[in-house]
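Asks: Spelled out from the first residue to the last, the chains are:
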Amino acid sequence: MKKMLPFVLLLVVVVAIQLLTAWTDTRYYLTQMTMSAYYALLIIGLCVVMGYAGQISIGHAGFFAIGGYLSAALTTRNLIAYKDTALVRVLDATGLIVAGEDIYGEALMAVTPWAACILAVLTAAVIALILGIPVLKLKGHYLAMATLGFGIIIYRIVLASAYFGEADGISEVPAFQLLPGLAVSGDFGARVSNYYIAWGLLLFGMLLMKNLIDSRVGRALRSIHGSEEAAESVGVDTARFKLQVFVISAVFAAVAGVFLTHYNGGIGPSEASVMKSVRYVAIVAVGGMAHLWGALFMGIALNFLSLRGVFGSYDDAVFGVILIVIMLFAPNGILSLDWRAYRRRLFPRGRAAETAGEGNR
Amino acid sequence: MTVELFIQYLFAGITYGAIYAIVGIGFNIIYNTTGIINFAQGEFVMLGGMIAISLMPFLPLSLAIALAVVITMICGALVEMVFIRWLDSPGVLRMIIITIGLSILIREVALHIWGESIRSLPYFVGDEITTVAVLGARISPQVLWVIGVCGLMVLVLSIFFKATSIGRQMRACAANRKAAILCGINTRNMVTLSFMLSAGIGALAGCVMSPITSTEYDIGTGLAIKGFTVAILGGLGNSMAAVGAGLLLGILEAFSISVMPLAFKDAIAITILLMILFVRPHGLFGSSTAAGLKEF
Amino acid sequence: MSLLAVTELHKKFGGLHAVNDVSFNVESGSIKAVIGPNGAGKTTLFNLITGALKASAGQVQFKGRDIQGRKTHQIAACGIARTFQNIKLFHDMTALENVMVGRHLRSRAGFMAAMFNLPWTRREERAIRDKAMELLALLEIADFADVDATSLAFGQQRAVEFARALALEPELLLLDEPAAGLNIHETADIGRLITRIRGLGITVLLVEHDMSLVMDISDEIVVLSFGEKIAEGVPAAIQNNSEVIRVYLGD
Chain A
0 MKKMLPFVLL LVVVVAIQLL TAWTDTRYYL TQMTMSAYYA LLIIGLCVVM GYAGQISIGH
60 AGFFAIGGYL SAALTTRNLI AYKDTALVRV LDATGLIVAG EDIYGEALMA VTPWAACILA
120 VLTAAVIALI LGIPVLKLKG HYLAMATLGF GIIIYRIVLA SAYFGEADGI SEVPAFQLLP
180 GLAVSGDFGA RVSNYYIAWG LLLFGMLLMK NLIDSRVGRA LRSIHGSEEA AESVGVDTAR
240 FKLQVFVISA VFAAVAGVFL THYNGGIGPS EASVMKSVRY VAIVAVGGMA HLWGALFMGI
300 ALNFLSLRGV FGSYDDAVFG VILIVIMLFA PNGILSLDWR AYRRRLFPRG RAAETAGEGN
360 R
Chain B
0 MTVELFIQYL FAGITYGAIY AIVGIGFNII YNTTGIINFA QGEFVMLGGM IAISLMPFLP
60 LSLAIALAVV ITMICGALVE MVFIRWLDSP GVLRMIIITI GLSILIREVA LHIWGESIRS
120 LPYFVGDEIT TVAVLGARIS PQVLWVIGVC GLMVLVLSIF FKATSIGRQM RACAANRKAA
180 ILCGINTRNM VTLSFMLSAG IGALAGCVMS PITSTEYDIG TGLAIKGFTV AILGGLGNSM
240 AAVGAGLLLG ILEAFSISVM PLAFKDAIAI TILLMILFVR PHGLFGSSTA AGLKEF
Chain C
0 MSLLAVTELH KKFGGLHAVN DVSFNVESGS IKAVIGPNGA GKTTLFNLIT GALKASAGQV
60 QFKGRDIQGR KTHQIAACGI ARTFQNIKLF HDMTALENVM VGRHLRSRAG FMAAMFNLPW
120 TRREERAIRD KAMELLALLE IADFADVDAT SLAFGQQRAV EFARALALEP ELLLLDEPAA
180 GLNIHETADI GRLITRIRGL GITVLLVEHD MSLVMDISDE IVVLSFGEKI AEGVPAAIQN
240 NSEVIRVYLG D
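Protein chains in written order, with numbering that gives the first Met the number 0: chain A, 0 to 360; chain B, 0 to 295; chain C, 0 to 250.
Hints were generated in silico from the structure; no laboratory data involved. Just so you know, even glycine gets a beta-carbon here, dropped at the ideal spot from N, CA and C. One or more hints might be untrue.
[Said to hold, decoys possible] Per label pair, the in silico range of CB-to-CB distance: (1) W22(A) to A152(C): 53 to 61 Å; (2) A152(C) to P89(B): 24 to 32 Å; (3) P89(B) to Q238(C): 45 to 53 Å; (4) V278(B) to R239(A): 47 to 55 Å; (5) D129(C) to T23(A): 46 to 54 Å; (6) A152(C) to V191(A): 54 to 62 Å; (7) F115(C) to V7(A): 14 to 22 Å; (8) A126(C) to G90(B): 32 to 40 Å.
Could you build the full structure based on these sequences and the hints that come with them?
Replies: Here's what the structure looks like:
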């Protein structure tokens, strides 16, 4: 139950923030808090791959974009021209297509958000699987470049194809009706409910990842980071575990992409850019690499500041500087550094063994 | 395809290929002395072009280029001295992230100094419509400049590494750093020197290519990917093979335009990169045993 | 039938024959040592048996099944555990966690079960922890269970690695120079420990330089020189073998 304490605390803070914004009439902060929560969902997924399993990925914006773009395209692109094809008829018969009218009164047929969401997330998972099999055999620079290359290819595809709206991206994405009366959308009236949807999703994702890390699987992943040779020698199928965790983190990224796209009502090519992928890596690094809570808090804090426009035109530069400074001075992340110093200050006469453990770092 | 068109494409390919080769060699020089892949390699090319363009109003072209190369070399040395020199045996992951951070930083600084506008140096001889006839095709003399200068750089570099004492010391660092230290070679200075060298050749390449391809604050990432592709294709650390690989990639790209949409031109390099990484990470010309000895 | 049968095993690196047509058997319940001068191919032999390297030719049979060519983790799953010459512990993990990873093959929670923390995975987790603590106690390092493993003293790190290997409950344990870097007392301790491990019903194959240790505990010895087997037999016979003396002392 000790494990649940941070979750309960965070839930209290989440509710408190909502009440505070309602009380001080600053509800507009909730918009950025909602968006930050979705980005943080991607970041905790990346944190498990990078920090715990030790596999760098500079292409996670690609998975986010696959989720976001596919669900956006499927729910907005008009299928009326294909309404007599077998596939569309089958989809229509199974209730996976909604028919309606657009703002000009033209007939409109598109895939329902639920079906689009599932299809988008599955696609991301399959692509991660196909990409991961060869890529995760690579190490170090090679892995970094290969994932970077994947990210650039996704960016080029969305930028060059008319189906994904080229440089304009896709807009007017409809609301995502999760349950009756609960929809992911950018409506002002739904701001509070969307805030709770996003944070609920993030907390749920965090719970899954936290469970994963504290398990047999989590230990196996960390052992791969420690020494792949030794991990194999105790029977860990390193290739399979690396692949599985890569796919799971791609699913987290894709889910974040789907939800944020419905919330924003659209998506643009900048979401697929290399700079976004690098930004996610930077946030995981600041959070302390192998530190899920650190990744979550940094994911919220830095994205919130960035979305509020605090960094102005230096937005990308800020993340570049963060990367360098953290890697130069605190490669284990700022949170872990502070916590350790804190602990030493609070319990100066800690167990001798513990200080011995820290002295060697 | 007519013979003229074929030659036109071929020269375009060689021009770009020469630039990729220089960026690839830049990767190799630093990789050999440090084991680091410097993700900011493409930014040196951008810096060289941009600085030369900014110096143009005050200096004649040749001096502007020379000064730009020197300034970029100083930047390269500073980058190494400020960010890398004092790190105590950093891990690969840490170095990757630091050099990525550097590349972003240099790019953002360039954005704030020069803005988003596309600039270029004037043509060295004549202007954009001047051509010379080569084998029946009309080629810009700048193309010959690019090929000539890049070829000369490769030649000078190979003489430098083979025949000069400093060059041999750098190769000693590449072969076995600890043994080099024991022989009294100051490996730290060699690392700084390798950053200066690769910044310098990148900057010069950035200047000669600028009239044709123009210079923008964000050309670095694309060039870095292609330079890395070339370095990998030739086998990491093997500079002469990188020249061959660079020309191969440039020519492939040039001919791809005739069969594919322009937007997918960049995808070729990345596809080749991914294929090579999956099939032969030690490069087309490298040996797997030698690659296995490198620390990865 | 022998537990492990190595038949005409061969490994070439370029033109170098690191292991050259080596054959020997390891009987169930015995302690067998592989000795030889530096560069004789002992560690290469280990890497071939554990699947870290692929043989150029020859066979490795474990319990009658051919295991040569399988992946390392599959060979571990057959019941072969190992330790490393230069200790390979998982950094940023405690001694206990290191040993818990050793229980990997004896537990089965997968990604989904772990993420949803099902009741049976919680039970399994407790069992893993109990067994790992038991092993740490066996090796007398239970006090350091929660210490970062790589910050322990050298001898303790070696003990953690032993515990991790034993956590697999292997039938065959490969020890790559278990006494390297240890003083006389610690070496004697290791010797007693290996004998005790054999007492648990685990067969041991070790590579070792320390002759006193090898002669003390081994039932049989294989001598390698430049990749070839030059002698095999009980310790007393090896000590008097003229070829072995020539290789070790020179002509």
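Asks: With reference to the structure, classify each hint as holding or not holding.
Replies: Each hint, compared with the structure:
1. W22(A) to A152(C): 53 to 61 Å: Taking Cβ atoms as reference, W22(A) and A152(C) lie about 58 Å apart, which means the hint holds.
2. A152(C) to P89(B): 24 to 32 Å: Since the Cβ atoms of A152(C) and P89(B) sit about 26 Å apart, the hinted range of 24 to 32 Å holds.
3. P89(B) to Q238(C): 45 to 53 Å: This hint holds: roughly 50 Å between Cβ atoms.
4. V278(B) to R239(A): 47 to 55 Å: Violated: the Cβ-Cβ distance is about 21 Å, outside 47 to 55 Å.
5. D129(C) to T23(A): 46 to 54 Å: For D129(C) and T23(A) the Cβ distance comes to about 52 Å; the hint holds.
6. A152(C) to V191(A): 54 to 62 Å: holds, 57 Å
7. F115(C) to V7(A): 14 to 22 Å: holds, 19 Å
8. A126(C) to G90(B): 32 to 40 Å: holds, 35 Å
When each numbered hint is compared with the structure, a violation occurs for hint 4 only.
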